[in-house]
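Note that the protein sequences, when read in sequence, are chains A and B. At position 45 of the first sequence (counting the first as 1) the number is 45 in the numbering used here, and the numbers step up by one without a gap. At position 46 of the second sequence (counting the first as 1) the number is 46 in the numbering used here, and the numbers step up by one without a gap.
Calculated directly from the structure, the hints in this document are not laboratory data. Do not take every clue at face value.
Covered by chain A, according to a simulated footprint, are these stretches of chain B (three or more residues, beta-carbon under 8 Å) [claimed, not checked]:
id: 1; region: 32-38
id: 2; region: 116-125
id: 3; region: 134-141
id: 4; region: 260-274
Even glycine gets a Cβ: it sits at the ideal position worked out from N, Cα and C.
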Amino acid sequence: MCLYPFVWMIGTSLKTSMEALNSPATIWPRDGFQFGTYAEVWARLDFSRYFVNSMTISVTVVLGVIAVYSMMGFALAHIDFAGKKFVFVGFIALILVPGLTVQIPLYLNMVALGLADTLLGLVLPVINGGGPFAVFLFRNYFKSLSHELFDSARIDGCKLIGIYARIYMPLALPVIGTIAVFNFVSSWNGIQWPLIILRTRRWYTLPLGIMYLDQSAFSRWNVLMAGAMFSVVPVIIIFMLLQKSYMRGLVAGAIKG
Amino acid sequence: MISRRKVKETVAGYLFCLPAILLFLSVGLYSVLFSVFLSFHNWAGVDFAGTARFVGLDNFRYFLFGGSAINTRIFFLGLFNNIRIGFFTIFFVIPIALGLAFMVTNTKRSGALRTVYFLPLVASGVGIFYVWRGLFGAFGFLNRMFSALGLEFLVVREGLLGNPRTAIIGVIITTVWAGIPGTMILYYAGLASIDETLYEAAEIDGASKVKTLWYITWPLLKPITIIIIIHELNKAFQMFENIWVLTGGGPGGATDVVGTLVFKNAFELQRYGLATAMGWSVFVLTLGLSLLSMKLFRSETN
Chain A
1 MCLYPFVWMI
11 GTSLKTSMEA
21 LNSPATIWPR
31 DGFQFGTYAE
41 VWARLDFSRY
51 FVNSMTISVT
61 VVLGVIAVYS
71 MMGFALAHID
81 FAGKKFVFVG
91 FIALILVPGL
101 TVQIPLYLNM
111 VALGLADTLL
121 GLVLPVINGG
131 GPFAVFLFRN
141 YFKSLSHELF
151 DSARIDGCKL
161 IGIYARIYMP
171 LALPVIGTIA
181 VFNFVSSWNG
191 IQWPLIILRT
201 RRWYTLPLGI
211 MYLDQSAFSR
221 WNVLMAGAMF
231 SVVPVIIIFM
241 LLQKSYMRGL
251 VAGAIKG
Chain B
1 MISRRKVKET
11 VAGYLFCLPA
21 ILLFLSVGLY
31 SVLFSVFLSF
41 HNWAGVDFAG
51 TARFVGLDNF
61 RYFLFGGSAI
71 NTRIFFLGLF
81 NNIRIGFFTI
91 FFVIPIALGL
101 AFMVTNTKRS
111 GALRTVYFLP
121 LVASGVGIFY
131 VWRGLFGAFG
141 FLNRMFSALG
151 LEFLVVREGL
161 LGNPRTAIIG
171 VIITTVWAGI
181 PGTMILYYAG
191 LASIDETLYE
201 AAEIDGASKV
211 KTLWYITWPL
221 LKPITIIIII
231 HELNKAFQMF
241 ENIWVLTGGG
251 PGGATDVVGT
261 LVFKNAFELQ
271 RYGLATAMGW
281 SVFVLTLGLS
291 LLSMKLFRSE
301 TN
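If we strip away everything but chain A, and leave its shape as in the complex, we get (with noise of 0.2 Å):
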């Protein structure tokens, strides 16, 4: 039931457009398997470009959560500061916020600035979505760790960024981890906001390649499988690669908190 899907993924982008439109349900193509549809995608269909631009966002996003989040969650834990109960709460606070309400307005912000139909007008508010979960998680985890580190780093002179870029950050890469591949799953993933913000297809990106792909490639499907292949196994990859400390950061931030 898991992997089902995945097979018929893989064998519908080998068969031959006629094969796969006349026999949908077999697995494996009959007439061979045809290796140039992956060619014919990536390159003519501009699946290539889509493909930079997807990893261009979500690298984008992924570091960006993880300097933006990872400094407040450092300063949550263990700075204090006034007025810090508040700065977390409302923060926290904003998950509750309904996602396509916010995008009506978010889009004509973004038209009014300038950044609409850009890369940089469809990061900017996926770094801010995935903030709370990556407050919520590094600010735990930072917690976790011990706060005498942090005096008697001051003790010895240390300035705060200091104990922040080399003492602790350095212990957080589990959390990192996690936030890591979560981030980049669902920037990777997203079709809403991409859908709303980008107009022109130089900038489209895997997603909405692909459902250009179906409008136009109209049932091709072993094209639209070889298409949807390039949007899945990046992902499928990163996450066996990450999976160990995926869990773990999830396990040990949520649970410790």
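We have chain A already, so just place chain B on it with the hints.
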């Protein structure tokens, strides 16, 4: 008196939070406030100062209280779909995920197996939605399987998603499939956090396996279950992407949910005020749910 040290710490604290706060103010908070404002206006999307008209609660009246009979009907049908999807997803996901979590915790060398189970979590995107469309198609796997098994009465000639009566079933199958891994991770984490000594003590006291399960494991998993239910309901209320790709809300609006209605009203019909108002009415529901869950959660953990 506030010490100099405290002032310095406060400044440092805010400096560390600065990027996050800036992003929050410019992207997050601004949009939230403007969307509240927008929901009381009638506006087609260009030149707000010049063309937007303040209409008070008219937007809400329009689709909630029969201001437009047909739009009210469409909205509540959409909401009903959200609820149906949420209910059935939870109904199937929880027992399956719990069972699988038990299996994974209790098998040695579960690494490879785990990867397989978690695949739907990471790979659930546009690609998979198209696979479902293929499998549910008129000559797709599902129909072929039913006729091969002699279950002709289960075959939907137009394909599961092509028939207004059955399309929602197709949607629910996909949400169940996609919902299992995340739920399973939560249960898995929950099971892993249960203190081993509790089980040992129960064993010494001669408690049966079933009794241990009922009196030790289940009470400890209850808070997690509440979180899962709330989370799934929230997801169901905000659903958009999978439906947009699977059916586009069709056929004939049979699988429209509030999310697709908001999208269509805003970006196809340019009725921005109305669309935001729709979004906010669902927000009231999800907010209620979240508050309820926090209350339940508090009383469970105390």
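- Per-stretch coverage check for the region 32-38 of chain B, three Cβ contacts closer than 8 Å to chain A: holds (count 4)
- Message: At least three residues with a C-beta closer than 8 Å to a C-beta of chain A: is that true for the region 260-274 of chain B?
- Response: That given contact holds, which follows from 5 residues of the region 260-274 of chain B lying within Cβ reach (below 8 Å) of chain A.
- Message: Using a Cβ cutoff of 8 Å, are there at least 3 residues of the region 134-141 of chain B near chain A, or does the coverage claim fail?
- Response: It holds, with 6 qualifying residues against the three required.
- Query: Holds or violated: the region 116-125 of chain B covered by chain A, criterion of 3 or more residues with Cβ-Cβ distance under 8 Å?
  - Reply: The restraint on the region 116-125 of chain B holds, since 10 of its residues have a Cβ under 8 Å from chain A and three suffice.
Checked against the numbered hints above, the structure breaks none of them.
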